[in-house]
Amino acid sequence: MTDIKRRDFIRTTGGIAMLGATLGFPHVALGAPRRVVVVGGGVGGCTVAKYLRKLDPNLAVTLIETKTSYTTCFMSNEVLSGERTLESITFGYDGLRRHGVEVVTDTVVGIDPVKKTVTTAGGKGFDYDACVVSPGIGFKWDAIDGYDEAVAEDIPHAWNAGPQTKILRRQLQAMRQGGRVIIVAPPNPFKCPPGPYERASQIALYCKHHNPRAKILILDAKDAFSKQGLYVEGWTKLYGYGSGNSMIEWVSAAAGGKVESLDPTTRTLQAEIEEFQGDVVNIIPPQKAGPIAFAADLVDGDWCPVDKRTFESKRHKDIYVLGDASSAAKMPKSAYAANSQAKVAAAAIINRFNGREPGDPTFVNTCYSVVGEDFGISVAAVYTLNAATNTIEEMPKSGGVSPANASPEIRKREVSYAHSWFKNVINDMME
Amino acid sequence: MSTMPRRIASMVLACLWAASLGLIITPSAQAETAEPQGELMIEHFDPATGQRIIPNERCLTCHGDEKEKTDVRDDGTQVNLFVHREQIEASVHGEQRCNSCHTTIRRVPHREAPEVIVGCVECHRDTWEKFQNDPEGKHKRLKVVNEQIDNFMDSVHAQPNKLDESRTNATCYDCHDAHNVGELGSIQRAEKRLKNPEVCGRCHEKQLAEYRTSDHGKAVLEKGDSKSAVCSDCHTTHAIAAPESDTAKRAITKNCGDCHEDAQRTYFASYHGQVHRLGYTNTAKCHDCHGGHEVKDKDDPTSSIHANNRLENCKNCHTDANENFLSFWPHGDADDMEAYPTLWWAKRFMQGLIYGVIAFFWVHVLLWLYRELVDRFQGKGFIENLDRPDIVYFRRFSVAWRWIHALFAISTMTLILTGTTLLFSHTGWAKAVVSFLGGPKMEGIIHRTAAIIWLAIFLTHLTIALTNIWRKRKTFQWFGGTSMLPNMKDLQDLRNMFRWFLGRGPRPEFCHWTYWQKFDYWAPFWGAAVIGSSGIVLFAPEATASILPGWVFNIATLIHAEEALLAAIFLNSVHFFNVHFRPERFPMSTTIFTGAIPIEEFKHDHRLEYERLVAAGDLEKHLIKRPSRRAELAASFITSVLIMAGLALLTLVLIGIATAPK
Amino acid sequence: MQRDDTMTKNVRNLLLAVLALLPGAALAGPSGEALAFTCAGCHGTDGSSVGPSMPSIAGMDPEVFVDAMKAYQADKRNATIMNRIARGYSDEQLKDMGWFFAKQRLHLTPQKHDAALAARGARLHEKHCEKCHENGGRPGDAGTLAGQWMPYLDHTMADFLSGKRDWPRKMKRKVDAAIAEEGKQAIPALIHYYGSQQ
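If you're matching them up, the sequences are chains A, B and C in order.
Letter by letter, the first sequence follows residues 1 to 431 in the numbering used here.
Letter by letter, the second sequence follows residues 432 to 1093 in the numbering used here.
Letter by letter, the third sequence follows residues 1094 to 1291 in the numbering used here.
Don't read these hints as lab results, they were simulated from the structure.
Don't be surprised by glycine CBs; every beta carbon is placed ideally from N, CA and C.
You may find that some hints are simply not true.
Listed below are the simulated DSBU-like cross-link pairs for lysine-lysine, each with C-alpha atoms no more than 35 Å apart in a straight line [what the hints assert, rightly or not]:
| id | chain 1 | residue 1 | chain 2 | residue 2 |
| --- | --- | --- | --- | --- |
| 1 | B | Lys654 | C | Lys1277 |
| 2 | A | Lys237 | C | Lys1277 |
| 3 | B | Lys500 | C | Lys1220 |
| 4 | C | Lys1188 | A | Lys237 |
| 5 | A | Lys140 | C | Lys1163 |
| 6 | A | Lys412 | C | Lys1163 |
| 7 | C | Lys1205 | B | Lys500 |
| 8 | C | Lys1163 | A | Lys237 |
| 9 | B | Lys500 | C | Lys1163 |
| 10 | B | Lys498 | C | Lys1224 |
| 11 | A | Lys258 | C | Lys1169 |
| 12 | B | Lys778 | C | Lys1205 |
| 13 | A | Lys208 | C | Lys1257 |
| 14 | C | Lys1224 | A | Lys222 |
| 15 | C | Lys1263 | A | Lys317 |
| 16 | B | Lys593 | C | Lys1163 |
| 17 | C | Lys1224 | B | Lys500 |
| 18 | C | Lys1188 | A | Lys423 |
| 19 | C | Lys1224 | A | Lys237 |
| 20 | C | Lys1257 | A | Lys412 |
| 21 | C | Lys1263 | B | Lys637 |
| 22 | C | Lys1188 | B | Lys561 |
| 23 | A | Lys54 | C | Lys1188 |
| 24 | A | Lys423 | C | Lys1257 |
| 25 | B | Lys498 | C | Lys1277 |
| 26 | C | Lys1277 | A | Lys397 |
| 27 | B | Lys571 | B | Lys658 |
| 28 | C | Lys1220 | A | Lys330 |
| 29 | A | Lys412 | C | Lys1169 |
| 30 | C | Lys1224 | A | Lys397 |
| 31 | A | Lys397 | C | Lys1257 |
| 32 | C | Lys1224 | B | Lys729 |
| 33 | C | Lys1220 | A | Lys412 |
| 34 | A | Lys54 | C | Lys1205 |
If you want the ones that stay clear, here's a sample from chain C, every Cβ over 12 Å from chain A, calculated [stated by the list, open to error]:
| id | residue |
| --- | --- |
| 35 | Pro1123 |
| 36 | Cys1135 |
| 37 | Asp1139 |
| 38 | Pro1203 |
| 39 | His1206 |
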């Protein structure tokens, strides 16, 4: 076959294919583009917006976010240690705009699932064919007596990165030599399960260089935590954990680590058995879905129930809930999980628009923690849907955490992978 | 659908059609529109099969590198990995992809040392299957290739190897360098021909060593003469049979003749060749005398046909051969007056005789036929009177003569049948007959048995005839009306017959024997002398050679055949016409089996004898009653069978003559 | 008017129902695309990584991809996390993912490199590596080297040289020859050469 013939062939078949495509996608043939409104500019929201446009450039995608930039929670612990700046984890939305996403800075105050309209504090209404809600977490302020949103300005939670991170960083820098940092770790489920312990690690790393006699006390509402064995291994190696002079101390719930109240003036915490007083106190409160999830009636209990094949809300049709706010057991509340769920939701929305059945979903989670200098650890899992029970299950034999007692080379590489991971996640969600 | 308006129904159908097209074609169209620049990895794969497309250039990166023609395997062995780029590109496979044949190569670089597995047969068969009706004749050469594949499959090379049954004795690429298969008429092909002995010699080392010493081998290997014989010229390229098999022996002998045409022609004229051409290998073949691989000129003292070695050579078969065998001409050529004058003259004489006799009598037959037909139209000649049916018969032959004629006829036909199979060994019928009879040995036995019977009858007849004459010696008139001896009246009768044929005179009147009957009678005397004596010579070659020179066999073979041919044609055409087929007798005369002839008919044909008997008052002695109906039927049956057999033989002989190779 | 609208809607619904049955309706498990999307968080969108330790897998040879994943599954490659992830997929899924990445165009991120060192690497590559890693190591049947992230290449070569990863056929001989020629600078030179390509 000559080139000319081949080209003609492709041109002809291309034409026919376009005709087929036009007829095959009724929304093009039958009127205006479908509209998707995304509420929340975090990992879930950004990713779903980008992938919706990537999968179908004809969609009109609007992302509504209160802030003009996004500061990642992941890697924010490295800001505490001074390994990186807050600016290095703060990103604007121009990348998404380049993908054709309309980014609106406003705060969503309500979603009408009947009229299919999203309303904002700015008084605007956005009609949608599908709405994606990815609001992240909210805090249960009433869980610890004496701790509330106002107190948090002085005794930070730093669990949504940004100004809170700065407060905590400043307090650490200002702490007296040999001072005590207390981290109050929340009960399950909460955002970023290994996060409190990486925070302890990163603070220890800071102290190792700047405040070598300082101590870090973790008061935990749980008896076990994510990557525990690896953290213990790292802490032992780097911070003398287990020795009489350990920089880090962890008090489990069984040992009386559950905190009941706070005296903000003295920074004294009343735990189940005894009182703890700290120079710097970081309380990570128990968590629930973000406020807009409640406002839009998407919550059942603390979290938003979803059909795990599509992440469509079980409470309202054509509204999808992603990320930390969704009830996506057994996936953790992590950036990678939200990123993975967003792609499943994007594909499901496009299938819905085109009258197709949703495909079988597949998910991955990877999560790196940097315990200290040249000491990175990870957890990973590949998930599949068990449609019968509407649960997301790990693929057998796969996943798990980094091996125990791995070589220093491996631990070092995982640090570099953690940093590369960060770049790629950011790139994939919003660049 | 019945309630749906037609307009909507057609829309649905149109959409279905368009959507299904889109479904099928969309992927390629997307690749074209979305990614206009550069190649994508996916384009290195065949979308239909998912198989990697490996361009030959990729293979030649390593295999075409002049600087690194060898490599070392992991086990330390050296391996030659070089292939000639130009050679492949110029070969008939130049447009193939390397891994179209090297099918185990799916990845480059190879992940492990690849097994060299090449399947030639399947591809050539499939491709031919696809293109055999191609209007442009694309791949038409594959027809030959496929025939050769079939030949190969039946050949000894395709048999499982006896020492390693997991492989065949040889396979395609043991002989063919697939990277260097040239088009017809290309330099590669000429080179391949010269390389043929070396290629075969990779396995057949001993044979190659012998071949090197031969005239063929010297011409090819030393002088680069591609016209001299290489292995495949004799053994064929693909239909190679085991050398001890008849198939191989036949094929090789046949193939010698592709170059040595005269030698083969003269060989086929000899008894050796005739038997061989029937498909049997009992007799000497080219290589039995000339040697197989060590074929040399007769002047070479190491040649098996050198004068000093020749008798030994003959003794391989003729264990009692003597010096006289050496004067036999194995390739005697009766058409070569210079080299074989005796043979030449013998042939000319015999052919003159055949042509003369046949020509004369066929003219005689035709004119007679013409005259009798004309007479019948005019209501003249011998016409059966239906109002007066024959009641009285004339007794013409005694029982003894009738038996002698019958046995003579049967043995003659047997001799013709068995003898002409050799003479016409090129025909299919000859092969079928010999095969039916059980092969050339059985055929020889039958022929010789018939010959003995024939000769015995001849001698018996002679004895009886002479005895009869002896008894009547007082009264017997040697040149009288009842004598078989030709006389002047016969000459006059012959002349008058021709006059009658041409309407210039009346039909002559005959005595007891007509001149044509006398000719029929005397011809076997000549035949018995010629065929009998030559037959005895051929019957016992060793005994003959003890007293006669070898070239007598050449002469004997020639005249035996030519005389037999003359007899076969004459008896089954002229004799049949004279006795049975001329209109007055048609369809047959049964007199020779009943011994009786209707008196009216006798009167018509032998009026002088009739009148003589009437005059002498002896007629009554010869008159008999009409033979019984059963005797008539039996005679008719036997006559019919013999006539049919004779006509069949005539047909076979004429087929043989007509199809004789020049 | 009313009647016309209803009819149009009916037709549309019918079409939707029919089309639902057509493209990609019968799904058995996640699509190759869906599977490959889950890789993007580490390997970049569609496999073009922007993280220096994570190799780009866009435009990767699909069989090399499957080989790599199977080696990870069997712990035959020195892994930190990929062994745990690879074991989550069936052979068929790996193949589908391989085909997805094979269809992607590789977008490279410029890397800092030493031009002089890269030039030496180019010579070494031409002499010892080009036959397998053809076109300067562009994506091909021996993997992707050209423009690949240098830290990743560094990890990979360290694994080969320390015996933590099996050498592909003949590669050790070639690398040894390059090291014999250029000494300790051989590997960095090669890595800078590959990193220098865009």
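Those earlier numbered hints the structure runs against, lowest number first: Violated hints: 1, 4, 5, 7, 11, 12, 14, 15, 16, 19, 21, 26, 28, 30, 32, 35, 36 and 37; rest satisfied.
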